[in-house]
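Peer 1: Residues per chain are reported as follows:
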Amino acid sequence: MPGIRTLFKLLLIYFLLAGQSARAEMTIEIVGGGASKHAIAVVPFKDETTRMREALTPIIRSDLELSGVFRMVDGSAIANVPVEPVDIRYPLWQAAGAQSIAIGKVEAVAGGQVKVSFRLMDLAQKKQLTSGEFTVTPDRSREVAHTIADMIYEAITGQKGIFNTRVVYVLKSGRNYMLQVGLITDVDSNRAQTILRSKEPIISPSWSPDGRYLAYVSFESKKPVVWVQDLATGQRRAVANFKGSNSAPAWSPDGSKLAVVLTTTGNSQIYLVNTLGGAPRRISYSDGIDTEPTFTPDGSQIYFVSDRTGGPQIYRMAVSGGAAQRVTWQGNYNVSPRVSPDGRTLTFIRRESGRFRVMAQDLTTGDVRALSDSGYNERPSFAPNGRMVLYASDTGGKSVLYATTLDGSSKVRLAVINGEVQDPSWGPFNNPQ
Amino acid sequence: MNWKQLVLGTATVTLLAACASTKPAAVTSNTAPAATANQGVAPADTGSSNQGQLNADPLHDPNSPLSKRSVYFDFDSSTVKSSDKPTVEAHAGYLKDHADRKVIIQGNTDSRGSREYNLGLGQRRAESVKRSLEVLGVKDSQVEAVSLGKEKPKATGNTEADFAENRRADILYNGE
Numbered sequence: 001m002p003g004i005r006t007l008f009k010l011l012l013i014y015f016l017l018a019g020q021s022a023r024a025e026m027t028i029e030i031v032g033g034g035a036s037k038h039a040i041a042v043v044p045f046k047d048e049t050t051r052m053r054e055a056l057t058p059i060i061r062s063d064l065e066l067s068g069v070f071r072m073v074d075g076s077a078i079a080n081v082p083v084e085p086v087d088i089r090y091p092l093w094q095a096a097g098a099q100s101i102a103i104g105k106v107e108a109v110a111g112g113q114v115k116v117s118f119r120l121m122d123l124a125q126k127k128q129l130t131s132g133e134f135t136v137t138p139d140r141s142r143e144v145a146h147t148i149a150d151m152i153y154e155a156i157t158g159q160k161g162i163f164n165t166r167v168v169y170v171l172k173s174g175r176n177y178m179l180q181v182g183l184i185t186d187v188d189s190n191r192a193q194t195i196l197r198s199k200e201p202i203i204s205p206s207w208s209p210d211g212r213y214l215a216y217v218s219f220e221s222k223k224p225v226v227w228v229q230d231l232a233t234g235q236r237r238a239v240a241n242f243k244g245s246n247s248a249p250a251w252s253p254d255g256s257k258l259a260v261v262l263t264t265t266g267n268s269q270i271y272l273v274n275t276l277g278g279a280p281r282r283i284s285y286s287d288g289i290d291t292e293p294t295f296t297p298d299g300s301q302i303y304f305v306s307d308r309t310g311g312p313q314i315y316r317m318a319v320s321g322g323a324a325q326r327v328t329w330q331g332n333y334n335v336s337p338r339v340s341p342d343g344r345t346l347t348f349i350r351r352e353s354g355r356f357r358v359m360a361q362d363l364t365t366g367d368v369r370a371l372s373d374s375g376y377n378e379r380p381s382f383a384p385n386g387r388m389v390l391y392a393s394d395t396g397g398k399s400v401l402y403a404t405t406l407d408g409s410s411k412v413r414l415a416v417i418n419g420e421v422q423d424p425s426w427g428p429f430n431n432p433q
Numbered sequence: 001m002n003w004k005q006l007v008l009g010t011a012t013v014t015l016l017a018a019c020a021s022t023k024p025a026a027v028t029s030n031t032a033p034a035a036t037a038n039q040g041v042a043p044a045d046t047g048s049s050n051q052g053q054l055n056a057d058p059l060h061d062p063n064s065p066l067s068k069r070s071v072y073f074d075f076d077s078s079t080v081k082s083s084d085k086p087t088v089e090a091h092a093g094y095l096k097d098h099a100d101r102k103v104i105i106q107g108n109t110d111s112r113g114s115r116e117y118n119l120g121l122g123q124r125r126a127e128s129v130k131r132s133l134e135v136l137g138v139k140d141s142q143v144e145a146v147s148l149g150k151e152k153p154k155a156t157g158n159t160e161a162d163f164a165e166n167r168r169a170d171i172l173y174n175g176e
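Just so you know, the protein sequences line up as chains A and B, in that order. For the first sequence, the numbering used here gives the first residue as 1, with consecutive numbering after it. For the second sequence, the numbering used here gives the first residue as 1, with consecutive numbering after it.
Chain A on its own, in the form it takes in the complex (with noise of 0.2 Å):
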């Protein structure tokens, strides 16, 4: 009974999709470009479209996309479909305004597996740059094609590519609140896992050095409390639950020690915690709010907010201990700071007129400068290669995920389209599967 046979088949696939649908669901859009990108033509793979389960090429223009430091070069209207590097007629390509050209092909192999071959190619000097083989099962097109795309990244950029690289956000709907992990490239395609799933408000997750724990905040027990959780397992515990409320965890670089914020004390104030368990250590003295701790790259300073001096500013000291000192000075609300992984920009939230903006500071120079212009922004956060910088932006109701490059001068948006995303963090290279 094939007729039937294909029609149940129709039907689990509408039910499959009907299902994916209710959840996030994200695309990407540029909406800003910068000046000097890296012209890329990607040739459609050989036998793509029949070989797997979803197109290659597709997904690794998009991932570059993404990154802001690629631009396209279509060539669906140049009379070369190169497969090898033999094939590359090099002057209609060049003529097209292309850089580089990246070809492919999907070859049938024993087991039901494919093989995807590709090269990366520089046009002017007709010569190869990075080049790749994949044997796997058709099923595992994104997986290849963001393999394919950090590979071409760092070829072109000398930089490591993060596009297998995850994000964890707070999905609020109705009255719902969904912790949930994606690739930076995926959350725009129902992929993203839900995590955690409660009827009172989640915020703050904060990854693990290795990208194996989330620490967050929630509120199931009336009150804020730190809750580490194993990604792979799904077990979780409570690591700072005392008296008062307990926030805004942040990794130490090693693994070992949780910064968080607890009110013992009757104000807040940041402690250091033991991932592992034992009594809390008081690393900040003062008599007003201090909060949002995050590590340097080489774990031996935190940078904070405190109002102790009035509105919030960010302050760093030594996790030693020893005296605070003040970071920024202009405006008079700077909050939720984060360093890059060279640890040579502060990024954080303004608030100026009204808005919300994700600013970056040279903490070298201490010059300031806008990365958003406009709306309501919140949480920046560092992509691991120090490259872009994730935040939450809600323009007229509706709140969204942005990707900027470190100048402002190319954004990506992942739209979604139900529900509300708060509190995004870029995590680790680390994705141990």
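Hints listed in this document are in silico derivations from the structure and should not be mistaken for laboratory results. Treat the hints with care, since some could be wrong.
The calculated lysine-lysine pairs, modelled on DSS-like cross-linking and capped at a C-alpha distance of 30 Å, are [unchecked claim]:
{"hint": "1", "chain 1": "A", "residue 1": "105", "chain 2": "A", "residue 2": "127"}
{"hint": "2", "chain 1": "A", "residue 1": "243", "chain 2": "B", "residue 2": "81"}
{"hint": "3", "chain 1": "A", "residue 1": "127", "chain 2": "A", "residue 2": "37"}
{"hint": "4", "chain 1": "B", "residue 1": "154", "chain 2": "A", "residue 2": "172"}
{"hint": "5", "chain 1": "A", "residue 1": "199", "chain 2": "B", "residue 2": "68"}
{"hint": "6", "chain 1": "A", "residue 1": "46", "chain 2": "A", "residue 2": "105"}
{"hint": "7", "chain 1": "A", "residue 1": "243", "chain 2": "B", "residue 2": "154"}
Among chain A residues calculated to face chain B with C-beta under 7 Å, some are [to be verified]:
{"hint": "8", "residue": "201"}
{"hint": "9", "residue": "203"}
{"hint": "10", "residue": "243"}
{"hint": "11", "residue": "245"}
{"hint": "12", "residue": "247"}
{"hint": "13", "residue": "336"}
Every residue, glycine too, gets a C-beta built ideally from N, C-alpha and C.
With chain A fixed as given, assemble chain B onto it according to the hints.
Peer 2: Just chain B now, with coordinates in the frame of chain A:
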């Protein structure tokens, strides 16, 4: 009532894993500490009151100042206003007479901006109510000040009246 939602919320917290690479996070005893974590608050007593007859409990008598559970604040302030002092005094008197009773004070804010900084601002309001109770003789062990920051606004509109409603600390008794 707010506490019904809160307790319902506690009961319906579930862990969920959608995909193969994240193993299902079973709801096991490891979620229990959260529900009972806070010593000041026991699961809801929805039927009978542990004070005896419901209508005899001054906490639920609409004619008693104890039925007022909210303290309001001015913009950018954590000072208990004189208009709310009778509420605080009534609860202080009750807590001194009932040393077995405990309260949790939840501070709230109206502001936009950093969730964590707002948590600090809400804490400041809750601590202000706590100190007022303690000045009136309530024991530290009977009061826990916590913050909900801007996460659970009672009023969701954008009028000044909505903002004023959210600049608030609520007094919840154990068993509520």
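Peer 1: Each of the hints needs a verdict: does it hold here or not?
Peer 2: Hints and how they fare:
1. A:105 <-> A:127: holds (19 Å)
2. A:243 <-> B:81: Judged against 30 Å, a Cα distance of about 26 Å means the pair holds.
3. A:127 <-> A:37: Satisfied, since the Cα-Cα distance of roughly 20 Å is no more than 30 Å.
4. B:154 <-> A:172: holds (16 Å)
5. A:199 <-> B:68: holds (26 Å)
6. A:46 <-> A:105: holds (4 Å)
7. A:243 <-> B:154: Holds, at about 24 Å.
8. 201: holds (4 Å)
9. 203: holds (5 Å)
10. 243: Holds. Min distance 6 Å.
11. 245: holds (5 Å)
12. 247: Status holds, d = 5 Å.
13. 336: holds (5 Å)
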